Each structure stands twice: as structure tokens, then as C-alpha cells.
Amino acid sequence: MAQIAFAPDVFTWPADEPRLIGGRCTSCGTVTFPVWPSCARCGSTEVEQHLLPRRGTLWTFTTQEFLPKEPYAGGETAETFRPYGIGLVQLDDEVRVEARLTESDPATLRIGMEMELVVVPFRTDDDGTEVMVYAFAPVEGS
Amino acid sequence: MVDVAIIGVGLHPFGRFGPKSAIDMGADAIRAALADAGVQWADVQFAFGGSFEVDNPDAVTSRLGLTGIPFMDVYNGCATAATALSLTADAIRSGQYDLGVAVGMDKHEPGAFTSDPVDYAAPPWYGEIGHFLTTKFFAMKINRYMHDHGISDRTLARVAAKNYRNGVLNPNAFRRKPISEDDILASRMLNYPLTQYMFCSPDEGAAAVVLCRADIAHRYTSTPVYLRASTVRTRRFGAFEVHASWAAVEQDAAPTVYASKAAYEQAGIGPDDVDVIQLQDTDAGAEVIHMAENGFCADGDQEQLLADGATEIGGPLPVNTDGGLIANGEPIGASGLRQVHELVLQLRGQAGERQVPGNPRVGYAQLYGAPGTAGVSIVSL
Ligand SMILES: [Zn+2]
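First to last, the sequence lines map onto chains Z and C.
Reading the first sequence from the start, the letters are residues 6 to 147 in the working numbering.
Reading the second sequence from the start, the letters are residues -3 to 377 in the working numbering.
Keep in mind that the hints are not guaranteed to be accurate.
Computed list of lysine-lysine pairs in DSSO-like fashion (alpha-carbon distance at most 30 Å, straight line) [claimed, not checked]:
1. C:LYS257 x C:LYS16
2. Z:LYS74 x C:LYS173
3. C:LYS257 x Z:LYS74
A short, non-exhaustive set of chain C residues, derived as facing chain Z with CB atoms under 10 Å [to be verified]:
4. TRP121
5. PHE134
6. ILE138
7. PHE233
8. VAL245
9. GLY345
10. GLU349
The set of hints was computed from the structure by calculation and includes no laboratory data.
These numbers were taken from a predicted model, which means no experiment stands behind them.
Don't be surprised by glycine CBs; every beta carbon is placed ideally from N, CA and C.
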């Protein structure tokens, strides 16, 4: 079955160990996700691509328990929608990235727990193509 | 610089009003504010109008009289009304005009707001994958705050229950039924840890304020309320803000903290001097956080303050005496002027069943919204 990334230039794919594609300001070193057109800290337009660390810690989280309105494109209906977790994961001291979490039960999530980047199916199109999105999963035993 | 006084306030109730247009609600609010001030529409030299849904709030002039005045339309997210008020006051302070009106009006569809994430400087795919939701941001912010400062779910329920209770006492409120803390906690989880009854909802309504030079205020009223400060601030690098695919590790305070400090400085007073407080309670967690961000308590003190009833109408720190956003809903353009309307009634002693005892003299109002904008107003007798 074909798998495609939901958007280009967001994570390295296909890859055994996918990485998020961030940006880095060449003037002040600020790291962003994804690549930002210019630096949110100093305004410089000199930004370069920078691959982000694959592991980090959960800084905060919530759950999305109702079907978002458009432009959401998950393809579910109110009947088929399943809640998903969403959180902010701090990657070393570089940046905090907002991402889906593979866990949607708050009881399985803990601020400070170790998380790892995964690429998971987001939606299956009519032709069977799986559209893939980045997410973070708890690291076993953390 | 010239001082500015509020001489009239008017409100169109908040809620759902069938086919009635936002413009007609805005006209009603202005008429009420003019009657309160004892002035005619023909006396109004200029106006600022705020709305999210209405492109041109100045269309309200076709209901009030086409007098040809300069009427400027503004939109600034949840801080729209604070912006309209601030600009109106500044125009008077600068000496350009003697008397003007700030009005806000809106009429939203039920359900969470939506628009294009690109317009919030977010990536184009941000909405497609289900991240473009203000509610989940507020949930993530309060979840971290509860973790850091020992705030419980019960405290969130206490905030919401208080605001529904205050709404019962407010004939202009949208929600006028008390809801128990247990029912609030047991209502549907929308974004952990926030349940359905902990959130405000978009609705309809309008509010207006008549302002003039302080030195002529006594021509119109025996109890002018002075606008001591009105500030607007946007987020700084390092603030954790709504609609962002990333946040910096280096942390700075929220824009509310800066708007608040600037307002206290402008007014020459501190949080201890404030008698009545209106805070942006998009959700119960936001009210908890905003208590600290506006200087009314230290982080974490909210747990005990709420348990003690400190933020009740009769408590030492009355917050959202008219029910706040939770009981009134949020017609974005009008919300901040509803806060000022309530403060003015409280300072005049006209708040009826929800009157704060002890002759309050200083009122404080704060707004916050996407993509990280805050507004603060301070009024006093
Ligand atoms: Zn930079």
C-alpha cells in the first residue's frame, strides 16, 4: 500500500529513523519548526534547514475529543472520529514542537516523560493511499 | 495630556437573537450608552467600532443618523474591544476630539471559531492535521500550569460554577442557570483537563461606551468614571502562545503580563488598589492563570483563594461579577466593552443583585486572544 507524507519538507520520509525538518537562524541560532520564513526572534531572513533531534520530553499535553472543523482534513465523521492526544515536546534545548501523540488517554501521559518521533497514518484516501503524519510516542520504560 | 472619562455605557444583551443583525445590536448598544450619558448622536464627534464578523461596523451610522463623523473600524482578535476603547481614549487624550463612542458588536455561528491558519502566521497544513484549535492551546497551557503550581480540577470547576452563579444575577447574560461543580467536572471532556462547561461559547451581542474629556464630564454626569489606563500588547519571543507549531525553550511572560504592568504604571496604582476585576475566562483555566498574570496573586495561590471563595462577589478579589465570558459567551468585538460596562455599573453602585459591597472605586479589565494579544483597561471614580 502506498504511503505519502501529508506535506513536503516537514519530516524526512521515507526513512527508518525519520527526523522533523526545522529551521535555524544563522544570525542568532533560534530553532523553529518547520523552517520559518524568517527568524521570530531577531527578524533575520537568513535561515537554514536544520534536522531536529528525534527524542525529547513531554512539556505539556491535552486531548482533542471533538471533531475539528475545516480546514481539518482527517476524513472522519462525527461518528468515526477518535480522540487524539496532542502535546508540546521539548527536543533537547533546541525547540518545543507541537505534535500529535500516539496516546490519547491522559492516564498514559505524564509531563516530563521521554518521547520519540514516529510517522503514523493520518488518513486513508479513496485509492488506498495512506497519508502519513508526524507524531510522538512515549519511549518504552520511560 | 488630557484625562478621559466614561460618561455613558450601553449593552445589548449577549446570547442568541435569531435574525437580528449585529449592526442592529450595535445601534441598540450605542442608543443605550447615549441615553445613559444624556447626549445625542449628533453630539458624537467620532467613533471606533470593533467586530470580527462585521466588515464595517460603521454601517451602524445608517441606524443612528448619517452625520458624516470619522468612524474607524478595528479588528484585533479577542482584544478588539480593548483596542477600540484604547484608540478612542487616545484620540481624546491627544486633544483631537472632546467626545466619542467606542462600540463592539458580533454575531457568531455556534461552535469554535475557524479561519485560515496562514493568516495567523502558522504553516498552511496546521489546520489540516487538527492543530488549529484555540481550545486545545488553552488546555495545554492550563495542564502545564496545574502541574507546575498545584492547581486541581476542582479549582477549575469552582471558577466555572462561580461564573454561572454570577450569570444568574445578570439579566443581560447568555447562561443564566447555576451549574454545580460536580456537573461541570462530569460534563463532556473537550480538551483534557477542560470539560464542556468550563468553556465559554461564541454568541451574539454588542456593547458601547461614551467617552469625553475629563474636564467636561461633569456637564453630563455626577459620577464620571475615569479611564486611568488602556493598554494593548502582543506576544514576545518566548511566550507560549496560541496557533503555533513550535515554541521556544527560552521562556518569556505572556503578553497579558506586559499589558498589565504598563496599565498599572499608566494608572499609577497597583493590584492591591483594585476593587472589582474582569478577566478573560475563555475557559476556567484561563481565569486561574490570568489572576496571577495580572498581579492579583502568586502562581499557585489560586487553589486556596478559590476554595476560600475569595473571587466571589462578596470576596476580597471579586472576579467576573457579571459571569464573565463563561456566562455571557464571547461576541468577540463586544466582549471587552461588556467588561467595561460591568465595571462602570459596579463603581456607580448600579450593579443591582450582583453589586460588590463596600463602594468599590477601582475596576480592572483584561482581554487575551489569538495569536497572542492582550489588552488591559483600568477605571476609577
Ligand atoms: Zn534570529
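Checklist entry - In ascending order, which of the hints set out earlier in this document are inconsistent with the structure? => result Failing hints, ascending: 1, 3, 9, 10.
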